[in-house]
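Each chain, written out:
Protein chains: 2
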Amino acid sequence: MLNFNYNVSTRIFFGRNSIEHLGDELKQYGTRVLFVSGQGSIKKTGLYDTVIDIFSQNGLVYHELSGVQPNPRISLVRQGVRLCRDHDIQCIVAVGGGSVIDSAKTIATGYYHDGDPWDLFVLGDASVKKALPIGTVLTFSGTGSEMNGNAVISNEETTEKLAIHKDVLRPRFSILDPTYTFSMSENQTAAGTVDIFSHILEQYFSPTRDAFLQNRLAEGLLKTCIQYGPVALEAPRDYEARAQLMWTSSIALNGLLGYGRVSDWATHGVEHALSAMFDVTHGVGLAILTPYWMELVLSDETMSKFVEYARNVWMITGNNDRTVAKEGIEKTREFFTALGMPQKLRDVGVTQNALVVMVEKAVVHGDLGKFKKLGKPEILSLLNNAF
Amino acid sequence: MLNFNYNVSTRIFFGRNSIEHLGDELKQYGTRVLFVSGQGSIKKTGLYDTVIDIFSQNGLVYHELSGVQPNPRISLVRQGVRLCRDHDIQCIVAVGGGSVIDSAKTIATGYYHDGDPWDLFVLGDASVKKALPIGTVLTFSGTGSEMNGNAVISNEETTEKLAIHKDVLRPRFSILDPTYTFSMSENQTAAGTVDIFSHILEQYFSPTRDAFLQNRLAEGLLKTCIQYGPVALEAPRDYEARAQLMWTSSIALNGLLGYGRVSDWATHGVEHALSAMFDVTHGVGLAILTPYWMELVLSDETMSKFVEYARNVWMITGNNDRTVAKEGIEKTREFFTALGMPQKLRDVGVTQNALVVMVEKAVVHGDLGKFKKLGKPEILSLLNNAF
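If you're matching them up, the sequences are chains A and B in order.
Those letters in the first sequence? Residues 1 to 387, by our numbering.
Those letters in the second sequence? Residues 1001 to 1387, by our numbering.
Just so you know, not all the hints are guaranteed correct.
[Stated by the list, open to error] Pairs of lysine-lysine residues, derived as BS3-like cross-links and limited to a Cα-Cα distance of at most 30 Å, are as follows:
{"hint": "1", "chain 1": "A", "residue 1": "K344", "chain 2": "A", "residue 2": "K166"}
{"hint": "2", "chain 1": "B", "residue 1": "K1370", "chain 2": "B", "residue 2": "K1326"}
{"hint": "3", "chain 1": "A", "residue 1": "K331", "chain 2": "A", "residue 2": "K344"}
{"hint": "4", "chain 1": "A", "residue 1": "K27", "chain 2": "B", "residue 2": "K1129"}
{"hint": "5", "chain 1": "A", "residue 1": "K27", "chain 2": "B", "residue 2": "K1130"}
{"hint": "6", "chain 1": "A", "residue 1": "K373", "chain 2": "A", "residue 2": "K331"}
{"hint": "7", "chain 1": "B", "residue 1": "K1344", "chain 2": "A", "residue 2": "K27"}
{"hint": "8", "chain 1": "A", "residue 1": "K130", "chain 2": "B", "residue 2": "K1130"}
{"hint": "9", "chain 1": "A", "residue 1": "K373", "chain 2": "A", "residue 2": "K305"}
{"hint": "10", "chain 1": "B", "residue 1": "K1044", "chain 2": "B", "residue 2": "K1027"}
{"hint": "11", "chain 1": "B", "residue 1": "K1027", "chain 2": "B", "residue 2": "K1130"}
{"hint": "12", "chain 1": "B", "residue 1": "K1027", "chain 2": "A", "residue 2": "K130"}
{"hint": "13", "chain 1": "A", "residue 1": "K344", "chain 2": "A", "residue 2": "K372"}
{"hint": "14", "chain 1": "B", "residue 1": "K1331", "chain 2": "A", "residue 2": "K305"}
{"hint": "15", "chain 1": "A", "residue 1": "K166", "chain 2": "A", "residue 2": "K372"}
{"hint": "16", "chain 1": "A", "residue 1": "K27", "chain 2": "B", "residue 2": "K1166"}
{"hint": "17", "chain 1": "A", "residue 1": "K372", "chain 2": "A", "residue 2": "K326"}
{"hint": "18", "chain 1": "B", "residue 1": "K1027", "chain 2": "A", "residue 2": "K129"}
{"hint": "19", "chain 1": "A", "residue 1": "K376", "chain 2": "A", "residue 2": "K326"}
{"hint": "20", "chain 1": "B", "residue 1": "K1372", "chain 2": "B", "residue 2": "K1344"}
{"hint": "21", "chain 1": "A", "residue 1": "K44", "chain 2": "A", "residue 2": "K130"}
{"hint": "22", "chain 1": "A", "residue 1": "K376", "chain 2": "A", "residue 2": "K331"}
{"hint": "23", "chain 1": "B", "residue 1": "K1166", "chain 2": "B", "residue 2": "K1370"}
{"hint": "24", "chain 1": "A", "residue 1": "K331", "chain 2": "A", "residue 2": "K372"}
{"hint": "25", "chain 1": "A", "residue 1": "K166", "chain 2": "B", "residue 2": "K1027"}
{"hint": "26", "chain 1": "B", "residue 1": "K1166", "chain 2": "A", "residue 2": "K166"}
{"hint": "27", "chain 1": "B", "residue 1": "K1344", "chain 2": "B", "residue 2": "K1326"}
{"hint": "28", "chain 1": "A", "residue 1": "K305", "chain 2": "A", "residue 2": "K331"}
{"hint": "29", "chain 1": "A", "residue 1": "K370", "chain 2": "A", "residue 2": "K326"}
{"hint": "30", "chain 1": "B", "residue 1": "K1027", "chain 2": "B", "residue 2": "K1129"}
Note that these hints are calculated values from the structure, not bench results.
Use the sequences and the hints to build the structure in full.
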């Protein structure tokens, strides 16, 4: 096990009616709140009114920033920073999914940054030093942003999609009520499940051999996705399925699986280049790319990890390692397909001549991958196979 | 999944040389420190000198309370509270295992309690309201006290052993360097491993049926104990084995496995009565009692949980549920025995006429167990079987 500093400080209020904690939590940070939300679904479900009522009952003054899109844009973040400065905001509450939360995080640190908030993504994590406190009310399971210090933002002018990671960006608290995810569409549910699954795989496929505990925890979370993803798709109002996916999503990326080992993240790197150019849903991009990534990096050297995965997660038996490993990859592809995910990049509007540009965007910060290093030729190969 | 409020705020510095964080962490809370330790083993290993040097380099003034024993006593806690008041202590650092940490926690909250600190154990958790900040440097894997808000203290006058649980008792930080556990004796290593294993089982054997994720995580941790307990026993300086056990120990009881479901804790309840009367090592008591507890509560009603345990943890196959379940219990007993644990209460000096008294002590706060309720007759039966 490698050395690590553990800090998972986000308080979670989990379960039906956990919104009742919102007022008390927010009041700890002040009375002037920025309320960040997405494209209006919370007005349909009534959650918007609930939140406004809580502000009013607790004497909180709020300003609103709505309209956050999937693959959230730096332009809206800039608006948010201005609002925070104009109104001397003390705390930000994000009501929505990962895009809303990531926007809120970037506003929270952009508030303390003298220049343009996009600078922080270009300069990297070291430039992120301070942030306004944020809290979240989660309506979408998948990104894990509700319990970590990551934010991914797209720049529509440069068609870049970049990430920052810092503990100061961790939400102080998150309200996780599984009933708020009942309204996730079929496609969102499937893509969210793939996103969780992929977050786990990125850490499971690690070059760190000594990570027994982390591997067993990861397998437990993967099995939970396999068990409950299809249930949530079939029965969107199944509380237990939604609860299991919601909590798995948070744990999958809060640090627990990654502490003590190196993680890979090559597939995410390629997907960010993809969705920056084609505005593909993140989980959909991951569903297409992941099995091709597995096929690309499977070799004699990496075989044992794939066998471990196939045996422990998919319960595949047999003596021939290569056959077992390949069955594990095939099971992964079948799982994503059964959730309704496409298998090819061409199915989501990607054009073949864009692949070379995508490679360049993917390596903007250098080669990808730690389990297996991917340079430009390997990434192009991956994209061609997935096309 | 049941509703829960998650709060695992303890910062962990894990790995070789993580002691280097001690000074900076302590300085956040002030300059006057109470240094709590055990029976001198840290002087032999050199850790004592390292800690003193760090105090000196960081301008920290310290007062010492050493001599904490296993099954730590309230009398020493009282001394600690007096020291804190006399010297206006701002922060407590516990260097040792669970007994040292539990003593430090009780001193930390006793400092704010007007009466005798034992009152808090009699009055229960609601009486614990505030505590001095504490940090720990762990030298013993097993109790999990380094990352939770629990403290168990013995009263030598009343031969009671009682617990308090409150988030304010969670250490602010813990330094987990696996090399500090190289000096654990064979018996300590074995008993510590059983203690971890038992903490997981107490949460795994739950009446909450909907806990898929929690069950899979628990199975991962149980497998880690099975994998690395024997390695650490065989090769006390095996870094990876010590690291895996150390981190498993912390995760096993920091809340992660218990959030969202009801836990059992009957075996711990009986063991506390046992070790209050006979000063048996906690893990040794658990090793004896656990298989008998399993045999006692196995029934048609509880069968499916035992089958889940046997199949997923011990990989037992076969179609007859009762046979599978019993094999799982037998595997558990064999595991403890292979670690060198005794099988019978008589082997650790317990006298048969004490069993009835032990029952009374065990039910002082009411019946035990949530997976299966144990009243006085069932507890007596358990003790007689284990005698």
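Violated constraints from the hint list, given by number and in increasing order: Of the numbered hints, 1, 7, 21 do not hold.
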